[in-house]
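S.K.: Construct the entire structure; sequences and hints are all you get.
So the number in the working numbering is just where the residue sits in the sequence shown, counting from 1, plus 21.
You can take every hint at face value.
Think about it this way: if two alpha-carbon atoms lie no more than 16 Å apart in a straight line, the pair counts; the simulated EDC-like pairs of lysine to aspartate or glutamate are: (1) K50 <-> E69; (2) K26 <-> D61; (3) K94 <-> D40.
No wet-lab data here; the hints were simulated from the structure.
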Amino acid sequence: LVVLKYVSIVLVAVNPYKDVDLYDKSIYKLYRNGNVRQLDPHIFGIAEEAFSSLDQQKQNQSIIISGESGAGKT
Numbered sequence: 022l023v024v025l026k027y028v029s030i031v032l033v034a035v036n037p038y039k040d041v042d043l044y045d046k047s048i049y050k051l052y053r054n055g056n057v058r059q060l061d062p063h064i065f066g067i068a069e070e071a072f073s074s075l076d077q078q079k080q081n082q083s084i085i086i087s088g089e090s091g092a093g094k095t
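M.R.: And the structure:
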């Protein structure tokens, strides 16, 4: 079941309306300690890239989360 996909630089997430194991600690550690560009699309990868850019380039970063009410953004 693919619920996360990159479209250009945008991460598109589709709510499968069921529990999926995408947000546990082992997944977080994989993206925190790995090369996110070689891993599957994930919000943890977006966060890691933003944090790395903030740290290395000393420039502000933004992550925009958008979607319908009740679509699973939280």
